[in-house]
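*Asks:* Make a model of the complete structure from these sequences and hints.
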Amino acid sequence: MSIKNLRASKMRSFLTMLGIIIGISSVIIVLSVGAGAESLIVNQIRSVGSNLVGVLPGNSDGDGPPAAVFGVVITTLTNDDKKALETQIPEVVAISSYVTTMEPVTYQNQKVTANIQGVSEGYLEISDSDVASGRFILDEDETLLSNVVVLGSEIKQELFNDQDAIGQTIKIKKRNYRVVGVLEAKGVVAFQNTDKMIFVPVTTVQKKIVGINHVGFIRMEVDDEDNMDYVVVQAQEILRDRHNIDNPSKDDFEVANTAAALGSLTAVTSSLKYFLVAIAAISLVVGGIGIMNIMLAAVTERIQEVGLKKALGAKKKDIIWQFLVESVSITLIAAVIGILIGVAFSFLTATIVRYLGYDWDFVITPTSLLLSCGVSVAIGLIFGIYPASKASKFDPIVALRYE
Amino acid sequence: MPKLIELKDLCKEFNNDGVVTKVLHSISFNIEQGEFVAIMGRSGSGKSTLMNVLGFLDKPSCGEYHFKNKNIKDLEDDEMAEIRNSQVGFIFQSFNLLPRTTVFENVQLPLMYSTVPVNEHKKRIEDAIALVGLSERRDYLSNQLSGGEKQRVAIARALVNKPSIIFADEPTGNLDSKTAGIIMTTLQKLDKQGITIILVTHEEDTAQHAERMIKLQDGVVVSDEKITNRIYTDEGAGIKK
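Same order as they appear, the protein sequences are chains A and B.
Quick note on the working numbering: the first sequence kicks off at 90 and runs consecutively.
Quick note on the working numbering: the second sequence kicks off at 358 and runs consecutively.
There are no misleading hints in this set.
Pairwise CB distance ranges (calculated): (1) B:A487 with A:A386: 37 to 47 Å; (2) A:M100 with B:P456: 14 to 24 Å; (3) A:T358 with B:P456: 49 to 59 Å; (4) A:V466 with B:S580: 56 to 66 Å; (5) B:P474 with A:V466: 28 to 38 Å.
The set of hints was computed from the structure by calculation and includes no laboratory data.
Backbone N, C-alpha and C define an ideal beta-carbon position, used for all residues, glycine too.
*Replies:* Right, here's the structure in full:
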């Protein structure tokens with residue numbers, strides 16, 4: 090009978106449900122996309138490699154990320170710092186400076202704007218990359234500021250198609266560069282597609298392409314996980330000594346291992362997730378008020394029906410029960426629709442992100458589904474009880490005569 | 358005949374924001390099982406209030422009301438609801454059927470609040486619908502029925518819980534005379550089966566179908582006598598209005 094009453098006013102029931110539908114689907118989407126994003130970030134950072142220690146220029150205030158993350162240019166870190174770390178810490182098995190820029194690159198008639206990555210010999214080891222043909226950048230290239238490049242697999246295809254690229258010459262900023270190697274395809278790492286990058290000796294990029302003396306950041310690989318903390322401390326001491334800093338709070342650099350970065354990023358995403366869930370919960374409360382509103386209207390509209398039922402022997406609890414079943418039906422149907430929309434949207438997101446080549450988990454936990462249904466039923470009960478008890482108190486004589 | 362209803366100095370007052378209106382004054386009479394009683398009176402005479410009290414929709418303000426030898430003064434709301442459900446059938450002037458609901462479901466309504474086992478519902482409902490001659494209308498929606506048919510559905514609904522008493526409040530008030538005749542004949546038929554019927558009306562001719570008439574005026578019983586020239590309307594003949 091309750092379902093029948095809902096059907097009798099389809100449009101109104103639907104509009105009433107809308108608040109709950111939006112609320113529930115938002116919660117599902119936020120939880121699922123949040124979990125997916127978390128998995129993406131974790132996987133991306135893991136794909137950078139393990140046992141890595143990064144050195145970023147600029148100091149972070151407390152627990153936040155260093156200023157360099159926000160695009161602030163800080164010039165305190167140099168390639169000499171990298172050389173010092175390389176020679177003074179024996180636990181470091183590979184090290185590379187990084188300078189990144191975008192420049193138009195031409196080969197014969199082909200012209201593409203490419204991501205130029207200035208790196209050292211250690212990059213290959215740090216990034217777990219492999220050379221498909223030719224060789225990678227060597228320490229001598231860095232010392233001699235050689236005009237050599239190594240191509241990512243995709244950029245190689247763009248410029249040379251299936252033709253052999255080794256030994257060919259490309260132009261960057263009017264200078265000629267010889268292609269000495271091509272890398273194996275690696276995919277997206279830390280949100281960057283390394284297959285589209287052109288690798289150049291870091292010193293060459295500094296002096297001949299960008300015209301700077303500093304580096305973007307330094308990354309090093311440590312021989313053993315147990316030595317990570319030790320290397321971090323060593324690096325800090327070496328850099329403080331070189332930069333003439335005696336107070337750690339005045340550091341103009343930040344040394345961090347990737348595991349710690351992982352932790353802080355995960356913390357950020359999960360707190361963001363709960364914040365968004367809280368906002369979605371507000372829409373559930375608003376939806377609940379809508380339910381109460383509509384139930385109050387329904388109670389008044391059906392005052393005669395209530396009067397009749399009471400005259401025919403319905404007890405207070407029968408009337409309360411009837412209206413509660415009605416409001417809970419509304420919220421439960423809304424929850425099911427909301428879940429379907431939420432799951433569909435989350436699935437779509439996962440599909441699109443995966444299509445773009447990222448590693449994204451499509452996660453719908455049974456807990457979130459049960460929670461959604463539970464919350465909906467609770468909303469139906471909480472916001473339905475007042476209208477229902479109001480209806481149950483109608484005097485049948487008055488209610489029967491009500492026009 | 359055993360006494361079904363015993364009223365002793367029953368009165369009813371209404372309190373509207375401190376203004377007390379006495380609608381019924383010291384009413385005393387008995388109704389026996391199986392009687393067909395008409396309560397007559399003009400509007401404002403208190404007949405509807407009396408019906409509400411007799412039908413357990415309202416409580417008396419003073420005096421005593423014994424139903425089947427039980428004093429109803431101390432009953433809670435839910436106990437009153439239970440008596441209404443199991444002992445009483447109501448027929449209203451404006452039919453009061455649920456809209457957009459089938460004849461079957463309308464008749465089912467009292468059963469939903471009763472202790473009758475669910476597996477008996479279908480038979481009970483179909484019997485009640487058959488008794489008022491609407492079997493072929495079983496699955497019609499209430500708004501697809503004529504006035505007379507609606508009132509017959511209401512009668513079936515009143516009967517479905519096998520009540521000991523039926524209250525009919527101006528049951529023919531919204532019907533043409535021919536249809537009214539059918540309704541009154543139906544009530545007389547039910548009376549013959551031993552059901553007590555209390556008919557509340559302001560129409561002398563309708564009241565004449567009963568076997569006893571209690572006249573009410575300004576909340577007082579002014580006469581209470583057996584009807585000598587009782588009307589028996591042949592089905593379809595119509596009654597004077």
